[in-house]
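Quick mapping for you: the protein sequence lines, in order, are chains Z and F. Mind the numbering: the first sequence is residues 1 to 78 in the working numbering, read in order. Mind the numbering: the second sequence is residues 1 to 204 in the working numbering, read in order.
Be aware that one or more of the hints could be misleading.
From the derived model, a few chain Z residues whose C-beta atoms are all more than 10 Å from chain F [claimed, not checked]:
1) Arg-8
2) Val-9
3) Gln-15
4) Leu-24
5) Lys-26
6) Gln-35
7) Lys-47
8) Asp-49
9) Ile-70
Cross-link-like lysine-lysine pairs, in silico, DSSO-like; alpha carbons within 27 Å at most [claimed, not checked]:
10) F:Lys-142 / Z:Lys-56
11) Z:Lys-47 / F:Lys-142
12) F:Lys-136 / F:Lys-96
13) Z:Lys-26 / F:Lys-104
14) F:Lys-53 / Z:Lys-76
15) F:Lys-175 / Z:Lys-26
16) Z:Lys-76 / F:Lys-104
17) Z:Lys-77 / F:Lys-136
18) Z:Lys-26 / F:Lys-142
19) F:Lys-46 / Z:Lys-56
20) Z:Lys-47 / Z:Lys-76
21) F:Lys-60 / F:Lys-46
22) Z:Lys-26 / F:Lys-53
23) Z:Lys-77 / F:Lys-51
24) Z:Lys-77 / F:Lys-46
25) Z:Lys-47 / F:Lys-96
26) F:Lys-142 / F:Lys-104
27) Z:Lys-56 / F:Lys-53
28) Z:Lys-77 / Z:Lys-56
29) Z:Lys-47 / F:Lys-53
30) F:Lys-142 / Z:Lys-76
31) Z:Lys-26 / F:Lys-51
32) F:Lys-142 / Z:Lys-77
33) Z:Lys-26 / F:Lys-161
34) F:Lys-153 / F:Lys-53
35) Z:Lys-56 / F:Lys-136
36) Z:Lys-77 / F:Lys-153
37) F:Lys-51 / F:Lys-153
38) Z:Lys-56 / F:Lys-153
39) Z:Lys-47 / F:Lys-104
Hints were generated in silico from the structure; no laboratory data involved. A virtual CB, placed ideally from N, CA and C, is assigned to each residue, including glycine.
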Amino acid sequence: MATMTADRVVDARGQMCPMPILSLAKAMRELTSGQIIAISATDQGAKRDIPAWAEKTGNILLETVEENGILTFYLKKA
Amino acid sequence: MSIDTPLPIPPTLTPEIEAYIQARVDALTTARLQQLVTDQVAEAMKRDPAKNKVAIIASKGTLDMAYPPLILASAAAAMGEDVQIFFTFYGLELVKRGGAQHLKVSPIANPAMPVPMPNVIGMLPGMTPMATWMMKSQFFGKHNVATIEDLIKECQDLGVKFIACQMTMDVMGIKADDLIEGVEVGGAATFINFANEAHVTLFV
């Protein structure tokens, strides 16, 4: 269940590694600092990949929600 | 007070007091030095040019071995890294015009295939196309894995630099016009020069 509102929503469901990360990186480019993005994915590898991506790029992972096998990550642009 | 001006030594400075002063000075100096070194190292790490560079060699021209360099390169680029792939020997196939679409999986000497095939069967006509079809449609296709052409495009969109090996091109009679758009041509020194400044270097 979504607990916060996002400025941009990316649907990466059905995408396999590395596509969710690529979709996220591209969408993030269009945001400005402080804006929030929500990305949903079914690739279970995203559980580790998205936090790793956030750590490397300095963007902030605010929340991860898992529901019926769908992972939704909320990130704030640094 | 200037440290150059010696303090008048009190007449009562006993060896015990002297030893105490020495111990205090040592402790404070050590702590201060450690802090200074830590700060300097942290500052230097921030400026480390190798921190954000990834250098990859793609040397294989089969469908299965085309994936790792492209997946890692695109992921690294998405993480903000400066990435170069050096395509050499059979790896050049990936950046030849029309090459990526025609990559195949060899069933020979490939015992880890999902449906393993004895080499003596794998060598029969039609077995390589069959293994390729199986990989493409039954495994990658069913799971919606990106195609090699897609990954090449993603890499280029994300700014991954493609370098084709000059020597391989000369030996195999490949011209710059035979390569896809945006590929530069270089030699071993070109790659080493970049790899020298990259913490992550991979040979595939």
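Status of each hint after checking the structure:
no.: 1; hint: Arg-8; in the structure: holds (16 Å)
no.: 2; hint: Val-9; in the structure: holds (18 Å)
no.: 3; hint: Gln-15; in the structure: violated (7 Å)
no.: 4; hint: Leu-24; in the structure: violated (7 Å)
no.: 5; hint: Lys-26; in the structure: violated (8 Å)
no.: 6; hint: Gln-35; in the structure: holds (18 Å)
no.: 7; hint: Lys-47; in the structure: holds (15 Å)
no.: 8; hint: Asp-49; in the structure: violated (8 Å)
no.: 9; hint: Ile-70; in the structure: holds (15 Å)
no.: 10; hint: F:Lys-142 / Z:Lys-56; in the structure: violated (31 Å)
no.: 11; hint: Z:Lys-47 / F:Lys-142; in the structure: holds (22 Å)
no.: 12; hint: F:Lys-136 / F:Lys-96; in the structure: holds (20 Å)
no.: 13; hint: Z:Lys-26 / F:Lys-104; in the structure: violated (30 Å)
no.: 14; hint: F:Lys-53 / Z:Lys-76; in the structure: holds (25 Å)
no.: 15; hint: F:Lys-175 / Z:Lys-26; in the structure: violated (33 Å)
no.: 16; hint: Z:Lys-76 / F:Lys-104; in the structure: violated (42 Å)
no.: 17; hint: Z:Lys-77 / F:Lys-136; in the structure: violated (37 Å)
no.: 18; hint: Z:Lys-26 / F:Lys-142; in the structure: holds (25 Å)
no.: 19; hint: F:Lys-46 / Z:Lys-56; in the structure: holds (13 Å)
no.: 20; hint: Z:Lys-47 / Z:Lys-76; in the structure: holds (17 Å)
no.: 21; hint: F:Lys-60 / F:Lys-46; in the structure: violated (35 Å)
no.: 22; hint: Z:Lys-26 / F:Lys-53; in the structure: holds (19 Å)
no.: 23; hint: Z:Lys-77 / F:Lys-51; in the structure: holds (21 Å)
no.: 24; hint: Z:Lys-77 / F:Lys-46; in the structure: holds (21 Å)
no.: 25; hint: Z:Lys-47 / F:Lys-96; in the structure: violated (35 Å)
no.: 26; hint: F:Lys-142 / F:Lys-104; in the structure: holds (18 Å)
no.: 27; hint: Z:Lys-56 / F:Lys-53; in the structure: holds (13 Å)
no.: 28; hint: Z:Lys-77 / Z:Lys-56; in the structure: holds (13 Å)
no.: 29; hint: Z:Lys-47 / F:Lys-53; in the structure: holds (24 Å)
no.: 30; hint: F:Lys-142 / Z:Lys-76; in the structure: violated (33 Å)
no.: 31; hint: Z:Lys-26 / F:Lys-51; in the structure: holds (22 Å)
no.: 32; hint: F:Lys-142 / Z:Lys-77; in the structure: violated (34 Å)
no.: 33; hint: Z:Lys-26 / F:Lys-161; in the structure: holds (17 Å)
no.: 34; hint: F:Lys-153 / F:Lys-53; in the structure: holds (20 Å)
no.: 35; hint: Z:Lys-56 / F:Lys-136; in the structure: violated (32 Å)
no.: 36; hint: Z:Lys-77 / F:Lys-153; in the structure: holds (25 Å)
no.: 37; hint: F:Lys-51 / F:Lys-153; in the structure: holds (25 Å)
no.: 38; hint: Z:Lys-56 / F:Lys-153; in the structure: holds (23 Å)
no.: 39; hint: Z:Lys-47 / F:Lys-104; in the structure: violated (32 Å)
Of the numbered hints stated above, those contradicted by the structure are hints 3, 4, 5, 8, 10, 13, 15, 16, 17, 21, 25, 30, 32, 35 and 39, listed in ascending order.
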